[in-house]
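Engineer: With these hints in hand, go ahead and build the complete structure from the sequences.
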Amino acid sequence: MRIPHTSFLVFSAMFVLSGCGYMFAPKYSDPIYTQRPPLISLRYEYRDIHIYAPLQVVNTLPEAYQVYIYDKDNEVDALFAATYMPEEKIEVYLPQNTLSTDKNGTIFVISPQGRDMPEIKIKFTGVRYGDITLPVSKIIKTPAIVEGLVFRRYDDRMLGGIQLVAADSTGRTFYTKSRLDGDYRFELPNEYGYRNDIVVSAGVGSLFPVVKKDAQFNGKFNLEMDFPLGPSKEFVEQGNLYIVINNLTHFRIASSNGSFTPFLLAKNDIVAVTQVAGNRLYGLVEIFWSDENAEMISGWVREQDVIYAGNYFMSPQDDLELAKQ
Amino acid sequence: MKQFLVLQLFVVSVMAQVTLDVKVLPKGATIILDGKEIGSAPVKGYSVKPGLHEIRLEASGYAPAIHEIAVQDAKRLVADFMMNPMYKIKFRAKEKGLTFELNGEHTWRDEKIKLNLEAGAHRLRVYYLDELFDDQIIVADRNAEFIYTRYQPEPGGN
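Protein chains in written order, with this note's numbering: chain A, 1 to 325; chain B, 326 to 483.
Fair warning: there could be bad hints in the mix.
Stated by the list, open to error - Derived PhoX-like pairs (lysine-lysine); straight-line CA-CA distance at most 25 Å:
| id | chain 1 | residue 1 | chain 2 | residue 2 |
| --- | --- | --- | --- | --- |
| 1 | B | K419 | A | K27 |
| 2 | A | K27 | B | K421 |
| 3 | B | K415 | A | K27 |
| 4 | B | K437 | B | K413 |
| 5 | B | K413 | A | K27 |
| 6 | A | K220 | A | K233 |
| 7 | A | K27 | B | K439 |
| 8 | A | K27 | B | K437 |
To be verified - FRET-style restraints, in silico, Cβ to Cβ:
| id | chain 1 | residue 1 | chain 2 | residue 2 | range |
| --- | --- | --- | --- | --- | --- |
| 9 | A | Y93 | B | A469 | 51 to 59 Å |
| 10 | B | D460 | A | R43 | 35 to 43 Å |
| 11 | A | P54 | B | K361 | 46 to 54 Å |
| 12 | A | D102 | B | V464 | 50 to 58 Å |
| 13 | A | Y93 | B | F471 | 53 to 61 Å |
| 14 | B | G429 | A | P26 | 17 to 25 Å |
| 15 | A | Y46 | B | G429 | 41 to 49 Å |
Treat the hints as calculated values from the structure; they're not laboratory data. What you are looking at is a predicted structure, and each value in this text was computed from that prediction instead of being measured. Even for Gly, the Cβ is constructed at its ideal location relative to N, Cα and C.
Structural biologist: Written out as structure tokens, the structure reads:
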């Protein structure tokens with residue numbers, strides 16, 4: 001008879017003593033949990049917001065662009081700030097949900113680096129994610145601006161349609177017209193902001209005597225100049241108004257030919273006539289040393305050099321009509 | 326106008342969807358999202374709205390798991406779960422007349438018993454004649470036999 005191997009006997013004995021001992025052991029009915037949460041890892045993948053700000057650079061080249069994005073309720077802490085070189089496209093990538101979706105709730109600021117280039121602010125409506133293309137921003141040097149009002153001196157009535165001319169010492173000229181509310185505005189090239197040789201004339205081509213003023217910028221870029229046109233109320237009350245029809249018209253101290261001419265009148269100058277002697281008219285002209293300071297000087301003109309103006313400078317409807325002439 | 330509003334609502338609701346990927350160890354676990362079975366792990370490309378959701382996981386040999394996720398507004402959320410395995414523990418006490426209590430809710434008096442324990446630490450309390458006799462933490466980390474012996478503080482320990 002074959003005797004079992006010793007190791008088999010040991011194994012069998014261990015089986016009986018240990019595992020086999022549980023063959024009749026009861027089993028606890030419920031699984032027993034620790035109530036420990038499972039191990040978990042969450043990874044989010046976000047979309048992004050892509051903003052493109054196209055530029056149109058006009059006759060200048062900034063050294064760089066400083067770009068900021070602000071929430072409209074906090075223009076101190078930028079949501080985004082970066083510097084772009086002139087050759088780079090201005091594109092911004094932001095994580096999803098970083099912009100307000102309120103209407104015009106976000107401000108995009110482009111600050112060109114260089115002399116006299118104003119900052120550009122664009123308000124826009126943010127999105128949760130996706131593409132935004134902003135309107136084209138014009139990068140232009142700060143213009144030299146002359147603006148103001150054109151009005152009738154007689155009654156302060158605003159004059160629309162009045163031609164204004166800005167001319168520099170080289171003869172380069174710029175034109176504009178006053179609007180119905182009397183406003184006018186010149187936007188001159190940036191370099192004029194450093195020049196003092198600009199003369200602005202108002203009333204060119206109208207029946208009003210042309211008024212000229214020097215626009216001296218001296219490094220400022222905004223000048224306000226108002227133009228009161230026509231005679232003063234005091235002057236109008238002196239007599240019937242006549243308009244000089246020719247340049248270099250003699251304004252003599254006496255009615256006789258050859259009497260002394262202290263100065264010559266220009267076309268559209270106004271004479272308030274008080275006396276008539278034959279074909280000679282005696283009256284006053286108004287010389288303005290400044291907008292508020294005027295002097296009336298008496299003298300004689302020939303009837304053929306003037307035309308009766310009627311109430312052109314007083315009537316309520318004459319402003320536009322005059323301007324068209 | 327009404328159609329436009331309906332379309333707008335549709336667009337907004339579609340835009341607000343987040344793609345959910347769920348990976349679970351073990352593979353093949355049943356995934357139940359907000360009470361609805363959405364498949365066996367791994368599940369990819371399931372769309373959910375941002376907000377609070379409940380994920381329940383079930384797999385044989387593992388403790389079922391429930392987890393609440395506050396889904397953020399994003400393009401994709403990848404959730405990886407590792408479920409806790411259950412171990413078969415053969416419990417044996419050398420002394421007689423003891424009452425055993427596990428985790429404050431499971432009680433038995435048998436000297437030998439088969440237990441199905443979730444992996445991890447469990448609190449074992451032992452009573453003798455209704456008096457607390459022992460209190461210790463046991464750790465289930467494999468299928469094994471556990472022979473109960475009363476906790477003996479090490480000499481010199483506090």
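Engineer: Next, verify each hint and record whether it holds.
Structural biologist: Status of the hints after comparison with the structure:
1. K419(B) / K27(A): Answer holds: K419(B) to K27(A) is near 18 Å, not above 25 Å.
2. K27(A) / K421(B): holds (18 Å)
3. K415(B) / K27(A): This hinted pair holds, its Cα atoms lying about 9 Å apart.
4. K437(B) / K413(B): holds (13 Å)
5. K413(B) / K27(A): Status holds; Cα separation ~10 Å.
6. K220(A) / K233(A): violated (35 Å)
7. K27(A) / K439(B): Roughly 4 Å separates the two Cα atoms, so the pair holds.
8. K27(A) / K437(B): Roughly 9 Å separates the two Cα atoms, so the pair holds.
9. Y93(A) / A469(B): 51 to 59 Å: About 55 Å separates the Cβ atoms of Y93(A) and A469(B), which means 51 to 59 Å holds.
10. D460(B) / R43(A): 35 to 43 Å: holds (41 Å)
11. P54(A) / K361(B): 46 to 54 Å: holds (48 Å)
12. D102(A) / V464(B): 50 to 58 Å: holds (55 Å)
13. Y93(A) / F471(B): 53 to 61 Å: Given range 53 to 61 Å: holds, Cβ gap about 58 Å.
14. G429(B) / P26(A): 17 to 25 Å: holds (21 Å)
15. Y46(A) / G429(B): 41 to 49 Å: holds (43 Å)
Of the numbered hints listed earlier, the single one contradicted by the structure is hint 6.
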